[in-house]
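A.B. asks: Chain by chain, the residues:
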Amino acid sequence: MSEPSKPQGRKFQLPEHLKVYKNVWVIVEQERGIVHSVSLELLGEARKLADKLGVEVGAVVLGAESPDLNRICGDAISYGADIVYKVTDPALADYRTDPYCRVMTDVVNAHKPEIVLLGATTLGRDLAGAIATTLATGLTADCTELDIYADNRSLAATRPTFGGTLLCTIQTLAYRPQMATVRPRVMAMPERDDARTGRVVEIRPDLREEDIVTKVLNFIADREQNEAQLAFADIIVSAGKGLGKVENMKLVFDLARVLGGEVGVTRPLVQAGWATNDRQVGQTGKTVRPKLYIAAGISGAIQHRVGMEKSDLILAINTDPNATIFDFAHLGLVGDALTILPALTDAFGRRLSVNRMAG
Amino acid sequence: MHIVVCIKQVPDSAQIRIHPVTNTIMRQGVPAIINPFDLFSLEEALRLKDKVGARVTVLTMGPPMAETSLRKALSLGADDAVLLTDRKFAGSDTLATSYALTSAIQKLAEEEPVDIVFCGKQTVDGDTAQVGPGIATRLGFEQLTYITKIEDLDIASKEIVVQRRSEGGVQVLKTTLPCMITMLEGTNTIRFGKMDDLFRAARYELKTWSRDFTGAEEGRVGLKGSPTVVSKVFVPKPRAEKAKMIEAASDTPDAMAAAAIDAIFAAQPKLSDDLLARAAAGL
Numbered sequence: 012m013s014e015p016s017k018p019q020g021r022k023f024q025l026p027e028h029l030k031v032y033k034n035v036w037v038i039v040e041q042e043r044g045i046v047h048s049v050s051l052e053l054l055g056e057a058r059k060l061a062d063k064l065g066v067e068v069g070a071v072v073l074g075a076e077s078p079d080l081n082r083i084c085g086d087a088i089s090y091g092a093d094i095v096y097k098v099t100d101p102a103l104a105d106y107r108t109d110p111y112c113r114v115m116t117d118v119v120n121a122h123k124p125e126i127v128l129l130g131a132t133t134l135g136r137d138l139a140g141a142i143a144t145t146l147a148t149g150l151t152a153d154c155t156e157l158d159i160y161a162d163n164r165s166l167a168a169t170r171p172t173f174g175g176t177l178l179c180t181i182q183t184l185a186y187r188p189q190m191a192t193v194r195p196r197v198m199a200m201p202e203r204d205d206a207r208t209g210r211v212v213e214i215r216p217d218l219r220e221e222d223i224v225t226k227v228l229n230f231i232a233d234r235e236q237n238e239a240q241l242a243f244a245d246i247i248v249s250a251g252k253g254l255g256k257v258e259n260m261k262l263v264f265d266l267a268r269v270l271g272g273e274v275g276v277t278r279p280l281v282q283a284g285w286a287t288n289d290r291q292v293g294q295t296g297k298t299v300r301p302k303l304y305i306a307a308g309i310s311g312a313i314q315h316r317v318g319m320e321k322s323d324l325i326l327a328i329n330t331d332p333n334a335t336i337f338d339f340a341h342l343g344l345v346g347d348a349l350t351i352l353p354a355l356t357d358a359f360g361r362r363l364s365v366n367r368m369a370g
Numbered sequence: 072m073h074i075v076v077c078i079k080q081v082p083d084s085a086q087i088r089i090h091p092v093t094n095t096i097m098r099q100g101v102p103a104i105i106n107p108f109d110l111f112s113l114e115e116a117l118r119l120k121d122k123v124g125a126r127v128t129v130l131t132m133g134p135p136m137a138e139t140s141l142r143k144a145l146s147l148g149a150d151d152a153v154l155l156t157d158r159k160f161a162g163s164d165t166l167a168t169s170y171a172l173t174s175a176i177q178k179l180a181e182e183e184p185v186d187i188v189f190c191g192k193q194t195v196d197g198d199t200a201q202v203g204p205g206i207a208t209r210l211g212f213e214q215l216t217y218i219t220k221i222e223d224l225d226i227a228s229k230e231i232v233v234q235r236r237s238e239g240g241v242q243v244l245k246t247t248l249p250c251m252i253t254m255l256e257g258t259n260t261i262r263f264g265k266m267d268d269l270f271r272a273a274r275y276e277l278k279t280w281s282r283d284f285t286g287a288e289e290g291r292v293g294l295k296g297s298p299t300v301v302s303k304v305f306v307p308k309p310r311a312e313k314a315k316m317i318e319a320a321s322d323t324p325d326a327m328a329a330a331a332i333d334a335i336f337a338a339q340p341k342l343s344d345d346l347l348a349r350a351a352a353g354l
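Read top to bottom, the protein sequences are chains A and B.
Going letter by letter, the first sequence gives residues 12 to 370 in the numbering used here.
Going letter by letter, the second sequence gives residues 72 to 354 in the numbering used here.
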């Protein structure tokens, strides 16, 4: 990307016709009746931004009419929305770019939010790019921090760049809405408050299925395909190059099993074929926020760090006392993971009275 | 069948370092490579070429040195290459970039209609994943991102069936060409170039197109055509506290493990209950 222009925007004045854009929206991602937790995390974030701006939080829920969808609208209010735009049509039952994009741009043009947030999931990033291009507005991808610059009420979206080596803050000054996608697990989950009230606006776009070219033939769930579920794991044992050989991955899996946790890896291990990329933690892999993250033989390069530094407790095991990982882990152990991992498996196994042969 | 593959030449971000004094990016000596995510899309395009006899054109928007990436793509089997280059493109964000690339694709389509545009999932320098969707939207092509597999392509009916990574599973989608596809990483392995293609790539007379040639309006490219502005670039603040190093009674693995577990439960008392509950539940 290009070098930054001089810090501008502090004295910037929004064109008159854009001043009517108000409120902070979250496009709530739901598939098959289940809300993606990133949408709830974003409602919490939207609340903070809206409070700074003195405006309301809007949630947009799209799908086919169903009891699940009504429940989701109620949940959106419990998690912080003041207004829920409930957009229903049979053609919205499954996600497809074209109908979702057309409907969203119509709703945005009708109600003019100043900020629109989406989760940086495959759905969110697919949809956000299409909407932003249709509306010819600015979109900042994969943000790790959002804020409001008080002097001009603009969104300041911060994100890693060059693989996480640097952070940059991006603004959409002269266009509305200002759009941003945020990765799951980066923002904290807000408290649920069922006493909260809000209003639901029903929108029926009346789409014609015959106008939509792409059809969904099937959905194959991951359970059937044995994919790792790292993003929501509470316990993760993670391996890096320090493990030496792919055969040593067994030690990581053993400890994870005893702890009831998931196994993660750094990108070099995926590239070496020791694990599939659903286990990759880091800048180009998954962001995780477990209660316990055990990093074995991981140096702590920034590309890995950005994916796990928000873990509640990080224990790092590395033979090198100067490894970067010790700069940000909570607990450090200088030693050989190849002997310490099995010792931890034994010790945890005894403490938790788990029969570690059962698995 | 005509396939266009958009590629980008990027600095190898894994090798980027920050100057310790000036806090700026040290670009000197960092090799320029084809954006790694583009290679999965390029390979898929070349596989379609092998399978159904498509013509593959690679397109890049970049400075003159991006030529080397185009020649690399030609050496892997692409048939034609277009370098879209113009000083006026400098400073383009993703909206301006997708506009510029679309103008070139439309120019290419004048000669032979384009059936599929392949783009990389995202770049390793911008990381946005926005240009592919931007091109699809502007061209009115069906947008298929995060594709893990092309199950079937029927030339006669122009129907394509793909698998698309979704949260919690894979969508199987059927659509009609023309379409824009971004491939998920790890879905294939980029081939080695054949001897004949290596020679052809070296001798190929590159098509170099300017903004004027494709008809892209000046006000819609470069900084002027970019809604987003970078207001700050900075080094991430290191966490204030370093790790508390665990001291064990002796340096045997068992002693170290015991000390580590004590330290974990001391730092997070609730974790002990959590783990016991999980063990009891047979998780």
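Just so you know, the hints here were simulated from the structure itself, not pulled from any lab data.
Where hints are given, some of them may not hold.
Calculated lysine-lysine pairs in the BS3-like style (CA-CA distance at most 25 Å, straight line) [said to hold, decoys possible]:
| no. | chain 1 | residue 1 | chain 2 | residue 2 |
| --- | --- | --- | --- | --- |
| 1 | B | K313 | B | K341 |
| 2 | A | K226 | B | K229 |
| 3 | B | K308 | A | K321 |
| 4 | A | K302 | B | K229 |
| 5 | A | K261 | A | K226 |
Bear in mind that the values here come from a model prediction, so they are computed numbers and not experimental data.
A.B. asks: The structure should be examined with respect to each hint, and the outcome stated for every one.
C.D. replies: Structure-based check of all given hints:
{"no.": "1", "hint": "B:K313 <-> B:K341", "verdict": "23 Å, holds"}
{"no.": "2", "hint": "A:K226 <-> B:K229", "verdict": "14 Å, holds"}
{"no.": "3", "hint": "B:K308 <-> A:K321", "verdict": "14 Å, holds"}
{"no.": "4", "hint": "A:K302 <-> B:K229", "verdict": "50 Å, violated"}
{"no.": "5", "hint": "A:K261 <-> A:K226", "verdict": "42 Å, violated"}
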